[in-house]
Amino acid sequence: MADTTTGTASGAESAPGMPQLDFSTFPNQIFWLFVTLVVLYLILSRVALPRIATVLAERQGAIQRDLDKAEEMKRAAVNAENVYNQALAEARAHAGDIVNEAKSEIQKDLDKAIVKADSEIASKAAESEKAIGEIRNSAIKSIQEVANSTAADIVKAMMPGTSDAKTIKAAVAARMKG
Amino acid sequence: MAKEEAGNGFNIHPMDQFEIKSLFGDGPIHWYSFTNATLWMGLAILAVILLLVVGTRKRAIIPTRTQSIAEMAYGFVYKMIEDVAGKEGLKFFPYIFTLFIFVLVSNFLGLLPMSFTTTSHIAVTACLAMGVFLTVTIYGFYKNGMKFLGLFWVSSAPLALRPILAIIELISYFVRPVSHSIRLAGNVMAGHAVIKVFAGFAGALGIWAALPIISITAVYGLEVLVAGIQAYVFTILTCVYLNDALHPSH
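Protein sequence lines, in the order shown, are assigned to chains A and B.
Per the numbering used here, the first sequence starts with residue 1, numbered consecutively.
Per the numbering used here, the second sequence starts with residue 1001, numbered consecutively.
Worth flagging that the hints you see were computed from the coordinates, not collected in a lab.
Don't be surprised by glycine CBs; every beta carbon is placed ideally from N, CA and C.
Check each hint, because a few of them may be wrong.
[To be verified] Residues from chain A that face chain B, not an exhaustive set, calculated with beta carbons under 10 Å: (1) 17; (2) 21; (3) 23; (4) 27; (5) 28; (6) 30; (7) 31; (8) 35; (9) 36; (10) 37; (11) 48; (12) 53; (13) 105; (14) 167.
[As the list claims (entries may be wrong)] Not everything, but these chain A residues come out facing chain B in the computed CB check (under 8 Å): (15) 19; (16) 25; (17) 32; (18) 47; (19) 49; (20) 54; (21) 56; (22) 158.
[Unchecked claim] What follows is a set of in silico ranges between Cβ atoms, one per label pair, in the way DEER data are often shown: (23) A/65 - B/1064: 15 to 23 Å; (24) A/57 - B/1064: 31 to 39 Å; (25) A/34 - B/1182: 16 to 24 Å; (26) A/34 - B/1208: 42 to 50 Å; (27) B/1229 - A/46: 27 to 35 Å.
Please build the complete structure, drawing on both the sequences and the hints.
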């Protein structure tokens, strides 16, 4: 096959036939096509395609990673908000407790003070009553003495010689009770 | 490569561009000769290396433009195999990607002026298609054993029709590599030949050359489309055939 003439290469009077059907060139084309395809296959399957596959996978991974990170950050933000709200609620509750505690303490102090004041007032009232009683007793005694002496004087003036102090005293006491 | 002719009259040789020539020496073309086909296949390898190896060397998380194209090509073929042939088809991903990128890059390189289009040759596309055909057939039998023949036995059809359908299926199965290869080579060759014909007109028409030049521009745009679409069609048909090997039951 290799001996046949070249596909009538020279210019003007070239055969009207199709060079595609010049079988003498077939072995050459097929051989070089085979070489080309083998070389291409090796380049593609060993270098180019794995590399592109890696790049695509990496890109997919990077996108996924970024999405995951965003999701995580969002979750963290929500968590932080929750923690903040919880802290706020706790603080509120704590403040309420403090207010209640302060209130009850004040109440306790107040109660104590009232009790103390009451007892003081009571003791003072008792003291005063005692003092009033004393004063009254002494007043009554004085009145009795005055009445006795006055009665004795009257009796002495009305009927002299019958001065019986004891009888006069009993009579005065009986009168004063009546 | 023979675009140098811009002679007088309708001296049009639209097929000259497809000629295979030895680049060193004038001797006969041996199987090992360094021809224009060799050169443009080598340039295809170079372009693939630039796009898929050099373009992705930084392994950037945020891709550069070249890396983006490489990733799009990867994702495009990967998804195509997954959609058409299923997860099991991904075993053949490097193989199918090699076919896709070779056809795509060759088609686009062929659109450069003065270039040679390797995929316009039936020898090349037939080899690619036969490779797919043999891979699919051998793998089909390897994976499914004799059940692979169920591909030709349409169990959903009435029993009486099944033998006839089996013959039709069998013929269509063996026609696959032919249509697979001629579709690609034919599309690419036709477009290039049309451009060359218009170019021949342009050389002869003087002031009226504007008309064929506008046509060339339009056809060139169409050819860019065809270059991409034919690479896509070749690849998706490969996936469809592979799907038959993986799931032969109708």
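Each hint, compared with the structure:
no., hint, in the structure
1, 17, "holds (8 Å)"
2, 21, "holds (7 Å)"
3, 23, "holds (8 Å)"
4, 27, "holds (4 Å)"
5, 28, "holds (5 Å)"
6, 30, "holds (6 Å)"
7, 31, "holds (5 Å)"
8, 35, "holds (8 Å)"
9, 36, "holds (4 Å)"
10, 37, "holds (6 Å)"
11, 48, "holds (4 Å)"
12, 53, "holds (7 Å)"
13, 105, "violated (67 Å)"
14, 167, "violated (138 Å)"
15, 19, "holds (4 Å)"
16, 25, "holds (4 Å)"
17, 32, "holds (5 Å)"
18, 47, "holds (6 Å)"
19, 49, "holds (6 Å)"
20, 54, "holds (7 Å)"
21, 56, "holds (6 Å)"
22, 158, "violated (143 Å)"
23, A/65 - B/1064: 15 to 23 Å, "holds (22 Å)"
24, A/57 - B/1064: 31 to 39 Å, "violated (18 Å)"
25, A/34 - B/1182: 16 to 24 Å, "holds (20 Å)"
26, A/34 - B/1208: 42 to 50 Å, "holds (47 Å)"
27, B/1229 - A/46: 27 to 35 Å, "holds (30 Å)"
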